[in-house]
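Colleague: Here is how the chains run, residue by residue.
Protein chains: 2
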Amino acid sequence: MTTEEETKPEEHSIFIGGKPFMNYVTGVVIQFKNKAKEVTIKARGKFISKGVDVAEVARRKFLEDKNVSIKNISIGSEEFENKEGKMVNVSIIEITLINN
Amino acid sequence: MTTEEETKPEEHSIFIGGKPFMNYVTGVVIQFKNKAKEVTIKARGKFISKGVDVAEVARRKFLEDKNVSIKNISIGSEEFENKEGKMVNVSIIEITLINN
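Line by line, the protein sequences give chains A and B. Per my numbering, the first sequence starts with residue 12, numbered consecutively. Per my numbering, the second sequence starts with residue 12, numbered consecutively.
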């Protein structure tokens with residue numbers, strides 16, 4: 012049994028990485044089928060394009076029966092230390108979808 | 012001499028493509044130096060990550076002296092016919108920066 016805290020909307024996040032594209036689309040769709048009110052897709056660097064594709068395909072192809080729309084999109088930068096010990100910046104995007 | 016119509020904010024757009032990254036950053040910065048109130052960065056498909064990077068680098072590294080912030084970010088899909096005559100979708104992003 013899940014507690015109320017475990018089902019807070021802000022905890023429904025999908026982090027985009029190197030797995031097959033449809034894994035992430037399915038992840039978003041399943042969370043909405045499981046009654047999530049909001050799902051946030053998060054991506055960094057080169058995965059940002061994939062993150063936008065995931066949001067669009069999930070919304071347009073798989074959630075047509077639900078009334079899912081884009082609640083918010085934010086972009087920003089994160090600093091991290093690379094292998095050579097140099098501080099570098101990477102861009103990030105967060106796309107929050109909401110089931111109205 | 013430019014007419015009022017030619018200097019409407021919505022006409023200050025930068026389309027992201029295959030040119031070197033700094034070309035686009037410079038393009039954004041020059042438009043703000045030339046007194047543009049708003050500049051919109053537009054990118055499709057695999058160029059979306061690059062578009063977000065351009066917005067972040069222009070804003071954080073080159074427009075620190077100005078008060079440039081993100082006014083709006085939108086994502087969507089466009090349908091087009093590929094070389095094989097098949098209709099395919101591509102994701103798009105538009106990031107509007109504003110000089111406050």
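In short, the hints are calculated from the structure, not lab data. A couple of the hints might just be wrong.
A pair counts as met if it fits within one copy or between any two copies, since identical chains are not told apart.
[Stated by the list, open to error] Calculated lysine-lysine pairs in the DSS-like style (CA-CA distance at most 25 Å, straight line):
id	residue 1	residue 2
1	Lys77	Lys94
2	Lys46	Lys77
3	Lys77	Lys53
4	Lys77	Lys97
5	Lys82	Lys97
6	Lys77	Lys57
7	Lys82	Lys94
8	Lys44	Lys94
9	Lys72	Lys57
10	Lys57	Lys82
11	Lys94	Lys72
12	Lys72	Lys97
13	Lys48	Lys97
14	Lys72	Lys53
15	Lys94	Lys48
16	Lys48	Lys77
17	Lys94	Lys46
Colleague: For every hint, state whether the structure bears it out.
Modeller: Each hint tested on the structure:
no., hint, in the structure
1, Lys77 <-> Lys94, "neither (44 Å within a copy, 33 Å between copies)"
2, Lys46 <-> Lys77, "within (11 Å within a copy, 44 Å between copies)"
3, Lys77 <-> Lys53, "within (22 Å within a copy, 29 Å between copies)"
4, Lys77 <-> Lys97, "neither (46 Å within a copy, 28 Å between copies)"
5, Lys82 <-> Lys97, "neither (36 Å within a copy, 32 Å between copies)"
6, Lys77 <-> Lys57, "neither (30 Å within a copy, 28 Å between copies)"
7, Lys82 <-> Lys94, "neither (36 Å within a copy, 35 Å between copies)"
8, Lys44 <-> Lys94, "neither (40 Å within a copy, 36 Å between copies)"
9, Lys72 <-> Lys57, "both (24 Å within a copy, 20 Å between copies)"
10, Lys57 <-> Lys82, "both (23 Å within a copy, 23 Å between copies)"
11, Lys94 <-> Lys72, "between (40 Å within a copy, 23 Å between copies)"
12, Lys72 <-> Lys97, "between (42 Å within a copy, 17 Å between copies)"
13, Lys48 <-> Lys97, "neither (40 Å within a copy, 35 Å between copies)"
14, Lys72 <-> Lys53, "both (20 Å within a copy, 23 Å between copies)"
15, Lys94 <-> Lys48, "neither (39 Å within a copy, 40 Å between copies)"
16, Lys48 <-> Lys77, "within (11 Å within a copy, 38 Å between copies)"
17, Lys94 <-> Lys46, "neither (41 Å within a copy, 40 Å between copies)"
This entry does not satisfy hints 1, 4, 5, 6, 7, 8, 13, 15 and 17, going by the numbered hints stated previously.
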